[in-house]
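Protein chains: 2
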Amino acid sequence: MHPLRPLLAIARGDAPASLVLQNVRLVNVFTGQVQPPADLALCQDRVAGLGSGYEAQQTIDLAGAYVCPGFIDAHVHIESSLCTPAQFAAAVLPRGVTTVIADPHELANVAGLEAVQWMAAAAKALPLRVVLMGPSCVPATPMATAGAALDADALRALYRNGTIHGLAEVMNYPGVIRGHDDMLAKLDALRGQPIDGHSPGATGRDLDAYTAAGVGSDHECVTPDEARDRLERGLYLLIREATNARNLDALLPVVTPANARRICFCTDDRTPGDLLHTGSIDHMVRRAIVAGLDPLDAIRMATLNPAEWFGLRDIGAIGPGRVADLLVFDDLQAPTPRMVFAKGQLVAQGGKLIEHATPESETNLSSPRGRCTVDAQNTDLAIPALGDTIRVIGHLPDQLLTESLTLTAKIENGYAVADPARDLLKIAVFERHHNTGNLGLGFIRGFGLNRGAIAGTVAHDHHNLVAIGADDISIRTAAAAIAKDGGGLAVTDGEHILARLPLPIGGLMSDQPVHAVADAYADAVHHAKALGSPLADPFMAMSFMALEVIPALKLTDLGLVDVERFEQVDLFV
Amino acid sequence: MHPLRPLLAIARGDAPASLVLQNVRLVNVFTGQVQPPADLALCQDRVAGLGSGYEAQQTIDLAGAYVCPGFIDAHVHIESSLCTPAQFAAAVLPRGVTTVIADPHELANVAGLEAVQWMAAAAKALPLRVVLMGPSCVPATPMATAGAALDADALRALYRNGTIHGLAEVMNYPGVIRGHDDMLAKLDALRGQPIDGHSPGATGRDLDAYTAAGVGSDHECVTPDEARDRLERGLYLLIREATNARNLDALLPVVTPANARRICFCTDDRTPGDLLHTGSIDHMVRRAIVAGLDPLDAIRMATLNPAEWFGLRDIGAIGPGRVADLLVFDDLQAPTPRMVFAKGQLVAQGGKLIEHATPESETNLSSPRGRCTVDAQNTDLAIPALGDTIRVIGHLPDQLLTESLTLTAKIENGYAVADPARDLLKIAVFERHHNTGNLGLGFIRGFGLNRGAIAGTVAHDHHNLVAIGADDISIRTAAAAIAKDGGGLAVTDGEHILARLPLPIGGLMSDQPVHAVADAYADAVHHAKALGSPLADPFMAMSFMALEVIPALKLTDLGLVDVERFEQVDLFV
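Chains as they are written, first to last, in this note's numbering: chain D, 38 to 610; chain R, 38 to 610.
Because the hints were derived from the structure by calculation, they are not lab data. Beta carbons: idealized from backbone N, C-alpha and C, even for Gly. Treat the hints with caution; some may be incorrect.
[Claimed, not checked] Here are the in silico distance ranges between beta carbons for each label pair: (1) D:Gly101 x R:Pro237: 28 to 38 Å; (2) R:Glu440 x D:Asp367: 21 to 31 Å; (3) D:Gly199 x R:Lys521: 26 to 36 Å; (4) D:Gly88 x R:Ala194: 31 to 41 Å; (5) R:Pro74 x D:His217: 27 to 37 Å; (6) D:Gly238 x R:Pro237: 49 to 59 Å; (7) R:Asp219 x D:Ala553: 20 to 30 Å; (8) D:Gly101 x R:Pro73: 46 to 56 Å; (9) R:Asp368 x D:Leu285: 39 to 49 Å; (10) D:Met38 x R:Gln605: 46 to 56 Å.
[Said to hold, decoys possible] Away from chain R, derived, C-beta distances all over 10 Å, residues of chain D: (11) Phe67; (12) Thr68; (13) Gln70; (14) Gln72; (15) Leu99; (16) Asp218; (17) Gly241; (18) Asp245; (19) Ala249; (20) Val259; (21) Thr410; (22) Ala419; (23) Leu437; (24) Lys566; (25) Glu604.
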């Protein structure tokens with residue numbers, strides 16, 4: 038039988054609905070109005086109609102509660118939750134997020150094409166709709182050793198086999214503006230589909246060129262002027278509120294009734310604890326309303342607008358034939374879903390996931406595993422003193438940008454060593470993907486450890502093993518523990534392992550429940566702080582110290598990189 | 038060289054723009070605001086950027102004039118202009134219409150797949166962008182003999198080879214609602230693409246089912262309640278102002294700032310004279326503003342909104358990389374373009390087409406020709422009197438609906454004949470596509486001819502040759518004249534031909550300039566009125582008297598059809 042027939046029969050009134058939600062006040066994002074109480078009839082995963090007098094196999098009386106479409110996160114890296122798609126879903130579904138536009142960029146830097154396909158397989162059977170975009174910049178540069186590469190042909194193949202929907206944030210905006218062959222080829226591979234942008238700080242002619250190339254959005258705005266510059270050019274504005282980059286308050290004043298249709302919400306990167314305790318898009322919607330935005334506009338920014346930008350015609354609204362992703366809530370001024378329906382199924386109630394709503398996929402998880410080939414115990418971390426003066430990475434609180442400092446080295450027995458008294462710690466980047474033995478060594482200020490070390494395989498974008506410590510034994514212990522776990526995070530003090538969070542899936546994601554991951558992560562942060570770090574989240578901070586595309590000084594497995602000059606430099610000046 | 042490179046170079050400011058329009062006040066449909074005067078730089082057919090200080094190969098100082106995107110007609114049958122796409126373009130481009138979403142439904146009923154491909158070829162090189170939708174209901178019913186059929190496989194083939202963009206107005210809405218196999222197959226063939234609707238009078242559960250099937254718009258609303266019913270369900274509302282169906286005034290009160298984004302304008306069917314003397318979408322925009330609509334909303338309804346509904350990401354707005362379809366005008370309260378740029382080329386100025394802007398395509402026009410195989414002189418039109426009482430089609434002024442009358446026949450020599458004194462005229466429908474000799478005969482009231490006949494091969498939807506006359510000789514003379522012309526319109530009085538308008542392209546379209554067609558059409562109407570017809574446009578009225586899907590009584594080449602019973606009936610009661 039044609040799959041539409043049961044839906045048509047219920048819509049016509051010729052068959053009982055599979056479920057009728059009675060007495061709902063529909064938040065109609067098409068018209069921008071709340072409709073008077075009526076009954077919403079479903080046919081399995083689809084909406085059949087709104088009316089009265091439906092026969093039903095099951096009814097739920099919602100007694101006048103509001104019902105709006107499920108929220109859409111317009112741009113997120115699931116990997117930042119350190120969880121599988123299923124466990125990420127377990128965190129966000131109770132918040133009312135029923136669709137995410139996901140860029141599997143982190144895992145792709147580890148395992149390439151296979152990673153994107155694994156992510157698709159792992160998400161396939163979930164009630165959360167995961168719309169994958171093709172990572173556009175893997176690897177970021179040739180100045181680090183990533184696990185894999187994705188070229189235009191690979192992206193085209195992923196599109197043709199239905200794995201990806203568009204092109205994810207095009208971070209190499211200088212390459213696009215200058216018309217580099219590889220970037221034009223990647224844009225061409227997905228032309229006609231949504232192409233997300235990433236153009237921090239670009240203005241004027243540069244922004245014109247970037248837009249003209251076919252990019253259609255940006256989520257990197259931090260000032261109202263930047264946001265207006267993008268809206269005027271026709272870029273969708275994705276307002277971001279990530280754990281480590283919070284732009285909502287700054288950008289809300291940009292929203293007007295006339296331009297709101299071109300604005301969406303996204304979370305980009307949120308830690309598991311942030312997702313569990315603060316929330317996701319639901320949090321942004323409520324915050325926006327508190328800040329004075331019309332609730333209908335705020336809800337549209339979380340539903341219809343991203344559906345339109347991404348050309349997803351059957352979600353983002355409630356109407357006949359649309360997917361029944363539905364949120365039930367009681368206060369239009371503070372939409373906190375007390376029931377969440379995803380694809381017509383009740384998946385969360387009272388902020389709690391319905392048990393077994395997000396089973397782990399049966400996909401073979403082995404693919405992106407086992408990628409931590411570091412032999413830490415046999416790695417020599419000593420730095421022969423080739424001079425007195427060294428380049429030091431100067432970490433700045435709450436920033437991804439670093440300073441490039443020039444300081445006097447502490448030298449012992451002909452070796453440059455850490456000097457915790459001056460907050461001068463050793464940083465090491467172990468290549469972990471290809472067993473090359475590549476090792477980058479340097480010094481960093483700002484992490485404040487009095488002793489011990491922290492380490493992890495979350496290190497944007499190449500995700501090699503990065504460690505920061507007061508002594509070589511602590512660093513080696515941490516690296517060895519992580520290598521044994523197949524990737525993860527660790528805190529050590531000498532030969533003692535104080536905390537560890539295994540991330541066996543690509544060295545980026547845990548195979549444990551999100552609550553356990555959040556707890557383990559908090560425990561690791563706690564121990565890092567106990568060792569003296571003043572940072573709110575030293576692991577998050579560390580994960581950007583090896584990212585060679587954000588100025589000024591960074592360390593990769595190939596050595597120090599002066600990002601402003603875009604070249605490798607020596608440790609000793 | 039990659040085609041984007043010149044555009045990127047101009048956008049960056051590294052190369053002179055091909056054209057700079059200086060001092061424009063940009064009507065920004067993204068933000069809903071008019072921007073302060075600035076310079077708009079083009080790279081051939083694309084916008085490079087808005088700013089200042091551009092180098093340019095050519096400049097035009099617009100001295101503060103407004104510039105908005107070219108208008109989009111969201112639904113039109115080009116055939117109703119009785120002109121080729123090139124001559125239709127000559128009529129609408131000076132009005133500022135730079136894109137039409139066209140349903141080649143009329144020609145497809147004559148020549149099927151070949152007709153759609155011919156229309157695409159004939160439109161291909163024009164500055165007017167013709168986005169073809171696949172005709173969904175060819176033929177309308179089995180109760181008439183059409184020239185051709187288009188099934189789901191044919192539609193799928195047309196989509197796959199890039200000829201059509203989506204599915205055109207799905208007129209068989211009862212078939213969709215009831216889930217008929219052929220309609221579901223056609224919807225499936227274009228699923229994921231825009232599917233336009235046509236659901237006159239449908240409400241409640243029927244409208245739910247129709248929407249649930251995947252239809253996304255409607256242009257048949259005549260009352261505000263119908264319009265709101267459709268907007269609430271998520272159907273785009275295409276407000277229509279056709280020559281013979283004017284819904285703008287009735288529907289404008291529905292538009293609010295909150296729902297305007299889901300509303301577009303369309304013309305559906307306009308005669309050549311109406312296009313030349315009244316206008317097209319430009320006329321609707323001005324009328325809407327006069328009626329109190331915000332000019333920015335009105336312009337968006339003619340630009341960004343249809344671009345969004347049809348997923349046409351590079352038109353409908355002015356921004357870097359978008360196609361340079363631009364209108365220049367001086368009064369925001371009455372946008373009458375004094376310059377029209379289509380794909381970056383100036384195509385009209387002061388309401389006049391730039392000479393040679395719309396050359397006829399070199400496509401082989403012979404395909405849809407020569408389809409009028411009627412042998413009128415040897416056709417016996419006599420109706421033996423099989424009784425006294427006859428069913429008569431009762432034409433109602435300004436309506437497509439007819440009454441089914443029961444009247445006493447006038448009988449002479451054993452034959453039922455016309456009786457002009459009682460406004461009882463003979464109507465004949467000659468099958469013209471397949472040389473079957475099929476002939477439908479009957480009587481009609483309401484056309485008011487005192488003598489003579491009118492005839493034409495425009496007869497929705499099958500487009501057989503229909504004639505209405507006071508005597509058989511006049512009818513035969515008209516039919517013979519048209520057959521000789523390979524299709525067209527004619528007015529006769531006995532053996533005298535008073536007026537004729539040959540329509541050799543499929544019997545629907547002239548090969549002459551639009552002004553000549555408009556004049557010839559006006560002349561034919563003039564002669565029909567001189568013969569006594571009180572109708573404003575007797576040819577338009579006649580063209581719907583053979584349409585067997587609009588109640589109550591119609592005549593096809595297979596005989597009288599009782600549309601309410603959806604079956605053929607005898608002439609004699």
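Structure-based check of each hint:
1. The beta-carbon spacing between Gly101 (chain D) and Pro237 (chain R), approximately 35 Å, falls within the hinted interval of 28 to 38 Å.
2. Taking the beta carbon of each, Glu440 (chain R) and Asp367 (chain D) are about 55 Å apart, not inside 21 to 31 Å as hinted.
3. Taking the beta carbon of each, Gly199 (chain D) and Lys521 (chain R) are about 56 Å apart, not inside 26 to 36 Å as hinted.
4. Taking the beta carbon of each, Gly88 (chain D) and Ala194 (chain R) are about 39 Å apart, inside 31 to 41 Å as hinted.
5. Checked against the hint of 27 to 37 Å, the pair Pro74 (chain R) and His217 (chain D) passes, with Cβ atoms roughly 35 Å apart.
6. Gly238 (chain D) and Pro237 (chain R) have their C-beta atoms about 54 Å apart, which keeps the hinted 49 to 59 Å range intact.
7. Between Asp219 (chain R) and Ala553 (chain D) the beta carbon distance is about 55 Å. The supplied range of 20 to 30 Å is therefore violated.
8. Between Gly101 (chain D) and Pro73 (chain R) the CB atoms are about 48 Å apart, so this pair conforms to the stated range of 46 to 56 Å.
9. For Asp368 (chain R) paired with Leu285 (chain D), a C-beta distance near 40 Å keeps the hint of 39 to 49 Å intact.
10. Here the CB-CB span from Met38 (chain D) to Gln605 (chain R) is close to 32 Å, at odds with the stated 46 to 56 Å.
11. The beta carbon of Phe67 (chain D) is not kept farther than 10 Å from every beta carbon of chain R, the shortest such distance being approximately 5 Å.
12. The non-interface label for Thr68 (chain D) is inconsistent with chain R: the shortest C-beta to C-beta separation is roughly 5 Å, within 10 Å.
13. Listed as a non-interface residue, Gln70 (chain D) fails to keep its Cβ farther than 10 Å from every Cβ of chain R; the least gap is roughly 7 Å.
14. A cut-off of 10 Å between C-beta atoms contradicts the statement that Gln72 (chain D) is not in contact with chain R; the least separation is 7 Å.
15. The claim that Leu99 (chain D) lies off the interface holds: its Cβ sits roughly 19 Å from the closest Cβ of chain R, which is beyond the 10 Å cut-off.
16. Distance check for Asp218 (chain D) against chain R: the nearest CB is about 8 Å away, which does not clear 10 Å, and the non-interface claim fails.
17. Distance check for Gly241 (chain D) against chain R: the nearest CB is about 7 Å away, which does not clear 10 Å, and the non-interface claim fails.
18. With a cut of 10 Å on Cβ distances, Asp245 (chain D) falls inside the contact zone with chain R, its closest approach being about 4 Å.
19. A beta-carbon of chain R comes within 10 Å of the beta-carbon of Ala249 (chain D); the shortest separation is about 4 Å.
20. Against chain R, the non-interface label of Val259 (chain D) holds: every CB pair exceeds 10 Å, the least being about 19 Å.
21. The Cβ of Thr410 (chain D) lies farther than 10 Å from every Cβ of chain R, with a closest approach of about 39 Å, so its non-interface assignment holds.
22. Chain R leaves Ala419 (chain D) outside its interface by the beta-carbon criterion, the shortest separation being 48 Å against a cut-off of 10 Å.
23. With a least CB separation of 27 Å from chain R, Leu437 (chain D) remains clear of the 10 Å interface cut-off, as annotated.
24. With a closest Cβ-Cβ approach of about 46 Å to chain R, Lys566 (chain D) is found to remain outside the 10 Å limit, as its non-interface label requires.
25. The Cβ of Glu604 (chain D) lies farther than 10 Å from every Cβ of chain R, with a closest approach of about 24 Å, so its non-interface assignment holds.
The earlier numbered hints that this structure contradicts are 2, 3, 7, 10, 11, 12, 13, 14, 16, 17, 18 and 19.
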